[in-house]
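S.K.: Residue-level listing of the chains:
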Amino acid sequence: MYARNHTAKRLKIMENIKFHYVIKLFFLSASLIKFAPETKSLMPLKYQQQIAAFAPTEEDWKEFEGLDNKPSFRWVFEDMAHEKNFSPVYSSPERLAADRQRGKLTFKGWALSFFDTKKNAKTRLEYFTKGKPNLYKKLGTHIAEGVINSTDGITEIKCSEHGHFNHFENEGTDFYKGRFEIVDKITI
Amino acid sequence: MKPIKGTITIELPYEQLEFVGILMFDVYPSTIVYKNKNNDVVIKEWVDCSDDNKINRYFYYSVGNTELKRFIDGKLSHLEMINSSIEDVVYFQDEGYRSDTDVYVVSVNSIPFNYLPKSDFIFNRAEGVDTELIINNFDLNRYNNIDEIIPFRVKQFARQANSETLYIHIDNGKGVGHGTIKTEILGKTLLSIDKLYKNIALDYLKGKERGDIQLEAKGSKDFVEYTDTEVFGFATAASYGFMIRPVTSQIDGFKNTPAFNIASKAINLITKSKEPKELKGEYESHSVSTIKSFEEFLTEVYKKELKMDLNWFNPKENVEISSSIDYRNANVIIEGMKALSASRVEKIERIGKFRAIDCDTAHFIFISTGEEKFSGYFDKNTREGINKINFIDIYKIAIERNIEKNPGKRESVSYKIITCYLDTP
Numbered sequence: 001m002y003a004r005n006h007t008a009k010r011l012k013i014m015e016n017i018k019f020h021y022v023i024k025l026f027f028l029s030a031s032l033i034k035f036a037p038e039t040k041s042l043m044p045l046k047y048q049q050q051i052a053a054f055a056p057t058e059e060d061w062k063e064f065e066g067l068d069n070k071p072s073f074r075w076v077f078e079d080m081a082h083e084k085n086f087s088p089v090y091s092s093p094e095r096l097a098a099d100r101q102r103g104k105l106t107f108k109g110w111a112l113s114f115f116d117t118k119k120n121a122k123t124r125l126e127y128f129t130k131g132k133p134n135l136y137k138k139l140g141t142h143i144a145e146g147v148i149n150s151t152d153g154i155t156e157i158k159c160s161e162h163g164h165f166n167h168f169e170n171e172g173t174d175f176y177k178g179r180f181e182i183v184d185k186i187t188i
Numbered sequence: 001m002k003p004i005k006g007t008i009t010i011e012l013p014y015e016q017l018e019f020v021g022i023l024m025f026d027v028y029p030s031t032i033v034y035k036n037k038n039n040d041v042v043i044k045e046w047v048d049c050s051d052d053n054k055i056n057r058y059f060y061y062s063v064g065n066t067e068l069k070r071f072i073d074g075k076l077s078h079l080e081m082i083n084s085s086i087e088d089v090v091y092f093q094d095e096g097y098r099s100d101t102d103v104y105v106v107s108v109n110s111i112p113f114n115y116l117p118k119s120d121f122i123f124n125r126a127e128g129v130d131t132e133l134i135i136n137n138f139d140l141n142r143y144n145n146i147d148e149i150i151p152f153r154v155k156q157f158a159r160q161a162n163s164e165t166l167y168i169h170i171d172n173g174k175g176v177g178h179g180t181i182k183t184e185i186l187g188k189t190l191l192s193i194d195k196l197y198k199n200i201a202l203d204y205l206k207g208k209e210r211g212d213i214q215l216e217a218k219g220s221k222d223f224v225e226y227t228d229t230e231v232f233g234f235a236t237a238a239s240y241g242f243m244i245r246p247v248t249s250q251i252d253g254f255k256n257t258p259a260f261n262i263a264s265k266a267i268n269l270i271t272k273s274k275e276p277k278e279l280k281g282e283y284e285s286h287s288v289s290t291i292k293s294f295e296e297f298l299t300e301v302y303k304k305e306l307k308m309d310l311n312w313f314n315p316k317e318n319v320e321i322s323s324s325i326d327y328r329n330a331n332v333i334i335e336g337m338k339a340l341s342a343s344r345v346e347k348i349e350r351i352g353k354f355r356a357i358d359c360d361t362a363h364f365i366f367i368s369t370g371e372e373k374f375s376g377y378f379d380k381n382t383r384e385g386i387n388k389i390n391f392i393d394i395y396k397i398a399i400e401r402n403i404e405k406n407p408g409k410r411e412s413v414s415y416k417i418i419t420c421y422l423d424t425p
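Just so you know, the sequences run in chain order A and B. For the first sequence, counting from 1, position 166 maps to 166 in my numbering; every step adds exactly one. For the second sequence, counting from 1, position 265 maps to 265 in my numbering; every step adds exactly one.
Hints were generated in silico from the structure; no laboratory data involved. Treat each hint with caution, since some may be false.
Below, simulated DSBU-like cross-link-like pairs (lysine-lysine); rule was C-alpha separation at most 30 Å, straight line [as the list claims (entries may be wrong)]:
(1) A:Lys-122 with B:Lys-75
(2) A:Lys-185 with B:Lys-118
(3) B:Lys-75 with B:Lys-174
Pulled from the structure, derived: some chain A residues nowhere near chain B, Cβ distances all over 12 Å [unchecked claim]:
(4) Asp-116
(5) Lys-122
(6) Leu-135
(7) Thr-151
(8) Arg-179
(9) Ile-182
Every residue, glycine too, gets a C-beta built ideally from N, C-alpha and C.
For reference, chain A alone in the conformation it holds in the complex (with noise of 0.2 Å):
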């Protein structure tokens, strides 16, 4: 927290007496460097500079670890290579306007939605498409299956009741590149 407030403070000094724009660059980078082990992750989180805009304390990040093998079901669509598959959910702008809205902007938008069992992937994705049975176009119409490590991002340790659990990937992780395959489906 410090090193973050303390690299803002000089981002503003220096937007002020007008530096060189690289300069500023440079000083970002760093600050995100520095942030990135608050959140028990050794490398910088994809999404990091959103994420950072929330400053979540040591407090909210003690629902994640690192976590290996665990495997993971995640709601996606036909085509493995859709931009939907891995996005977060505030990908979405109709949930990030919502949550503006409401004034219940969280940092875990900006995490992947995840699930600990096929069946209890398929079983939310079907709830929902029962009240709207259009709502597969925007959540997805197939349950793709994988496993997640320590390496892709940090995890959170405690599944909802319904099994669901958020998933912060590192900057470099590609799920895209084969990591999940697609398992099962909705009926539509």
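Chain B: place on chain A using the hints.
M.R.: Relative to chain A, chain B alone:
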């Protein structure tokens, strides 16, 4: 997304819409609650989006605070809440274009099927997002004890159809699921209710002393407008309900229509029979045919372990009467009827024709001008001369009906002609 079919209007009819909260879902805001300048509830439902996800389609509608609270409490399905739209219409609008698009006004009955929740989709409070905020905003806890006997939607349906309505809500039973019911059970239940209704209607028209009336007979056509009903709607929630009305509307501005009298007799029969003290009185105040059809109805309820509510509603006079029965009540009534001890003799006078006479046994079959059928024996004093009776002339007869009911035994009914005259001017 397919184009919406509806009447185009320039803007939404709600003034000064203010965001209140998201009802559901956490994963995607798809049912959003607003209020207008009068603090009325306006709901915005996400229903569809373009393939590139950039254009989103919503529809808006307003509902009463009671309906919103009942939905939150899980007493009204999502579909029922949409159908209870105050204006009977919803307003479609696509969002995501650079400027506001036209608004399409669509009747609640014409909303595309894939834009509606499944009929048994009930709100789960644990899935709510801003539920408490919404409840507090509209002070919905004031409506905690409201448990309408006849659902708002059913009343609205009856008003639209301007029909007196018998709403039968099957809560529980074999083959009764969430918004579904096995065809056989629905069929048998409907038939037993229809038979009971018909018999009570005939009692109303001809009196409880009437004989058997064959409604298919030519002469019975006049009764049909009172005895026949039709199913004209159904309502599904966590159970199954259907709406029945007389085939001929009898709403004429009077509270006590023939249909009301018939339905109230049926509903009272069910309610009062549950009280052991009143069972005998009810038993004796209906015809033999009605009691028989009531027993058949009770047997159906018992066999299928049904639990049902029967509600009568006259939308013009805003009159409602209700009763309920389950298989336990049915069993108590059936056993109570078995244990009844009753005997009565009734004298009936009728005009009509003989259809059959056996001169050896003095057995007769007589059809009254009102198509009632009586079958029995001539009294010893009237047997003489029965060989002179023909099947063409009209006769005026007096019949003694003897009803005997002993505990543990079925009711026995016998007819005896005590006087018989040729009907001459």
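S.K.: Hint by hint, note whether the structure agrees.
M.R.: Outcome of the hint check:
1. A:Lys-122 with B:Lys-75: At roughly 26 Å apart (the allowed maximum being 30 Å), B:Lys-75 and A:Lys-122 satisfy the hint.
2. A:Lys-185 with B:Lys-118: holds (19 Å)
3. B:Lys-75 with B:Lys-174: Cα-Cα ~22 Å, so holds.
4. Asp-116: Check passes; 16 Å lies beyond 12 Å.
5. Lys-122: With a cut-off of 12 Å, A:Lys-122 remains clear of chain B, as the shortest Cβ separation is near 14 Å.
6. Leu-135: violated (6 Å)
7. Thr-151: Holds, because the least Cβ-Cβ distance between A:Thr-151 and chain B comes to about 28 Å, which exceeds 12 Å.
8. Arg-179: A:Arg-179 is indeed farther than 12 Å from all Cβ atoms of chain B, at 23 Å.
9. Ile-182: At roughly 20 Å from the nearest Cβ of chain B, A:Ile-182 sits farther out than 12 Å, so the non-interface label holds.
The structure is inconsistent with hint 6 alone, although it conforms to all the rest.
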